[in-house]
Amino acid sequence: MRFKASIQNIHTFTKLTTSLNSLGPLAWVKLSDQQVCFTIIPEQGTQVWAVLQIDTIFDTYTVQSAAGNVINLEVPLTSLTRALKSALNATSAQIRLTKKDNVPLLALTIVTTTSSNHAAFPTGTRNDEDGMENFDNTFGSGNRETIVTQEIPVRVLAPDTVAGLHEPQTREPDVHIMLPPLMQLKSVSDRFTKLALVGAKNGSTATRTRLEMAANMHGCLKMSIKTDAMSISSVWTDLTNPDLDPSHVSGGDIGLAEHPSTRMKQLGSADGRSEEGWATVRIDGRDWGKVMSVGRLGGRVIACFCHEHALILYVFLPSDTAGEESVLTYYVSSYSA
Amino acid sequence: MDDDQGQPPILTAVSSSARQLYLLLRCIAFSEKAHVQITAKGLKFSVDDASAMEVHLGTSLFTTYTYHAPPPTARSTHSDSDDDNNEDPDLPPTFQISLPSLLETLLILGLTDPNTNKPPWARDNATSTAFSNNVLGINNMCRISYESAGSPLSIILTESSIRTTCSLTTYEPDYCDEIPFDREQLRFKTIMRGNWLGDAINELASTTPESLTLVARMTSGKPYFALSASGPLGSARVEFNNTPQPSRPTPAPTNPTDPADQPANLLETFQLSSPITLRSTYKFSLIQKAARAMSVATKVSIRLDNQGVLSMQFMIEVEAGELSFVDFRFVPLVEGEGEYEDETMLGEEGEEEGGMEL
Chain U
1 MRFKASIQNI HTFTKLTTSL NSLGPLAWVK LSDQQVCFTI IPEQGTQVWA
51 VLQIDTIFDT YTVQSAAGNV INLEVPLTSL TRALKSALNA TSAQIRLTKK
101 DNVPLLALTI VTTTSSNHAA FPTGTRNDED GMENFDNTFG SGNRETIVTQ
151 EIPVRVLAPD TVAGLHEPQT REPDVHIMLP PLMQLKSVSD RFTKLALVGA
201 KNGSTATRTR LEMAANMHGC LKMSIKTDAM SISSVWTDLT NPDLDPSHVS
251 GGDIGLAEHP STRMKQLGSA DGRSEEGWAT VRIDGRDWGK VMSVGRLGGR
301 VIACFCHEHA LILYVFLPSD TAGEESVLTY YVSSYSA
Chain H
1 MDDDQGQPPI LTAVSSSARQ LYLLLRCIAF SEKAHVQITA KGLKFSVDDA
51 SAMEVHLGTS LFTTYTYHAP PPTARSTHSD SDDDNNEDPD LPPTFQISLP
101 SLLETLLILG LTDPNTNKPP WARDNATSTA FSNNVLGINN MCRISYESAG
151 SPLSIILTES SIRTTCSLTT YEPDYCDEIP FDREQLRFKT IMRGNWLGDA
201 INELASTTPE SLTLVARMTS GKPYFALSAS GPLGSARVEF NNTPQPSRPT
251 PAPTNPTDPA DQPANLLETF QLSSPITLRS TYKFSLIQKA ARAMSVATKV
301 SIRLDNQGVL SMQFMIEVEA GELSFVDFRF VPLVEGEGEY EDETMLGEEG
351 EEEGGMEL
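From first to last, the protein sequence lines are chains U and H.
Using UniProt numbering, you'd call the opening residue of the first sequence number 1 and step up by one each time.
Using UniProt numbering, you'd call the opening residue of the second sequence number 1 and step up by one each time.
A few of these clues could be false.
Stated by the list, open to error - Capping the alpha-carbon separation at 25 Å, the derived lysine-lysine pairs in PhoX-like fashion look like this:
{"hint": "1", "chain 1": "H", "residue 1": "Lys283", "chain 2": "U", "residue 2": "Lys194"}
{"hint": "2", "chain 1": "U", "residue 1": "Lys100", "chain 2": "U", "residue 2": "Lys30"}
{"hint": "3", "chain 1": "U", "residue 1": "Lys226", "chain 2": "H", "residue 2": "Lys33"}
As the list claims (entries may be wrong) - In silico contact screen, one side only, chain H against chain U (beta carbon under 8 Å); selected entries:
{"hint": "4", "residue": "Ser98"}
{"hint": "5", "residue": "Pro100"}
{"hint": "6", "residue": "Thr105"}
{"hint": "7", "residue": "Leu107"}
{"hint": "8", "residue": "Ile108"}
{"hint": "9", "residue": "Ile162"}
{"hint": "10", "residue": "Arg163"}
{"hint": "11", "residue": "Thr164"}
{"hint": "12", "residue": "Cys166"}
Unchecked claim - Per label pair, the in silico range of CB-to-CB distance:
{"hint": "13", "chain 1": "H", "residue 1": "Arg26", "chain 2": "U", "residue 2": "Phe316", "range": "39 to 47 Å"}
{"hint": "14", "chain 1": "U", "residue 1": "Val103", "chain 2": "H", "residue 2": "Ile156", "range": "54 to 62 Å"}
{"hint": "15", "chain 1": "H", "residue 1": "Ile156", "chain 2": "U", "residue 2": "Ala67", "range": "57 to 65 Å"}
{"hint": "16", "chain 1": "H", "residue 1": "Val14", "chain 2": "U", "residue 2": "Phe316", "range": "35 to 43 Å"}
{"hint": "17", "chain 1": "U", "residue 1": "Asp243", "chain 2": "H", "residue 2": "Val14", "range": "35 to 43 Å"}
{"hint": "18", "chain 1": "U", "residue 1": "Asp243", "chain 2": "H", "residue 2": "Thr64", "range": "39 to 47 Å"}
{"hint": "19", "chain 1": "H", "residue 1": "Thr66", "chain 2": "U", "residue 2": "Asp238", "range": "23 to 31 Å"}
Hints listed in this document are in silico derivations from the structure and should not be mistaken for laboratory results.
Backbone N, C-alpha and C fix where the C-beta goes; we use that ideal spot for every residue, glycine too.
Let's have the full structure, built from the sequences with the hints guiding it.
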């Protein structure tokens, strides 16, 4: 069993593990020849199934195992994130699977180059100012290479341990819509959650911060919350409802014609004032805030609403190369009314 | 009960800046609930917390302001949930709302602004900077409406592609003892800059005093006004001397549009109804609540009535030329102030009338 890779995009990797970590402490990481999968299945709350193209984060990647070159690991995300953060200024970083005292671990080797006349953390501007010195130092003996190795103890999961883990199955969504920038959505939802807590202070403290999210097939997204003192809702209009590809819908063109979203298109209006045509889910505001933290990665987000059942978010990571995209899938289940 | 056909809504008001409303209302954010009174002249928000605090949102703050007095008949039919609602039908509509909820709501507007003008690849940037639109409060609209008695106070915030609708539950007004302030029977009145008063209060606060005493008198024809604070750690006093000192630089004028002929006097107006030194004591922590209003006010008018009730009226210029008023009223502390008690109990009124001629 061998795994070795150099990390080509430390910032993306760090942002990814940070936002995954907000949903759960442990990730099931599946390394294979084609892709890297991160899966978080918390006791409660939102599940994430992320499928990353290897070149999204890694470079010179090798994985070998007796089980068809697939390695399954259970990785503590907090330790991984902490290790990655220390590598943010690195000139290069490598990660490999190894063993120490019979404990499997991921060793992250971070190489940082500092020139001797600089402090340990050179800032960008300082480098610019005395660029000449740096130039000199490259040829002199002033450069110092620091190598730090961070070790993250992991568990190797047997193939039959993970065989029972499946991505949740949901019915065809009623509404699919492109979300506004997640950071924008998060700032409003965070304020809503705060409002709910303001209202709960004088009433029952057990009040949950339950957000209601709804969308229609006319480019509208609605987020609302009710408390004793108030009810408030924000409506986004002019969003995009992406067209479904008939080749991806079971039954092809006929299936598309009978798709729930085609039916939903008949209802509601583009100004979001109509009561009809909304697919609604009820979610926990704090959990939603954690999901929204993936917004730091940027990228397009398509939300699929299964009315009163579930909300599925597809977060497509921006990638330089064309072809297969890296996608994070969030499964948020709806509370009953 | 709120879809009353053919009845115009009691209030429809549109403001181009929720930020202004927020800044004013924040001055009285000391209570869970605030009373709201709607009149043709504007909205009055008041909070009672041992002292009375009021914010007047005049019609000039709104780009449009339409008020229809509720017909008395409509009001009586609407009060089905509360049969004892035997208010005078002439009284303007009054209700309570959750003040923290209102403040939080007003902040929603502009939250999302900075992102809308950015290219999509910049979406993961920091959501705000010191000069971004959400701080400056531009480019948004706020519409406040109140349909009829018993209906919620509705606030609609609109910006580029987001519309937020908020319905604040309205509660029956509480019966509350208004702190009476008799503006016909003034013992003392002075006007000064809000931040000068604020600086003085801040200075005194460092000794964590319990009480604040106002002292005012005329000394050899010159007005003298002092704030003296005392507490377990000692006492301190800030004096405002109105000695004409033309060379005195005006410290950091809050309002550059002030008339240039403004005298360098600390106290713009100084009226004292009696030659006896005026002394009146208040709880310091209550006065301190006005600190936020002091810091934003252009001017403050400090008045004392016959009963020793202190009124501080803050004139706040939210935008050039648009004035708003925030009022605070405080009841005096009476323990151990023999001299003071005598003054209020005895024939002060006689002297008062003479004093009014000043």
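We went through each hint and held it up to the structure:
1. H/Lys283 with U/Lys194: The given pair, whose Cα atoms are some 33 Å apart, is violated under the 25 Å limit.
2. U/Lys100 with U/Lys30: With a Cα-Cα distance of about 21 Å, the restraint between U/Lys100 and U/Lys30 holds, given a limit of 25 Å.
3. U/Lys226 with H/Lys33: holds, 18 Å
4. Ser98: holds, 4 Å
5. Pro100: holds, 5 Å
6. Thr105: holds, 6 Å
7. Leu107: This hint holds: H/Leu107 lies near chain U, its Cβ roughly 7 Å from the closest one there, short of 8 Å.
8. Ile108: holds, 5 Å
9. Ile162: Since the shortest Cβ distance to chain U is 5 Å, the answer is holds.
10. Arg163: holds, 5 Å
11. Thr164: At about 4 Å, which falls below the 8 Å cut-off, the nearest Cβ of chain U leaves the hint on H/Thr164 intact, so it holds.
12. Cys166: It holds, given that the least Cβ distance between H/Cys166 and chain U is near 4 Å, below 8 Å.
13. H/Arg26 with U/Phe316: 39 to 47 Å: holds, 41 Å
14. U/Val103 with H/Ile156: 54 to 62 Å: holds, 60 Å
15. H/Ile156 with U/Ala67: 57 to 65 Å: holds, 59 Å
16. H/Val14 with U/Phe316: 35 to 43 Å: Cβ of H/Val14 to Cβ of U/Phe316: about 40 Å, so the range 35 to 43 Å holds.
17. U/Asp243 with H/Val14: 35 to 43 Å: holds, 38 Å
18. U/Asp243 with H/Thr64: 39 to 47 Å: holds, 42 Å
19. H/Thr66 with U/Asp238: 23 to 31 Å: Holds, at about 30 Å.
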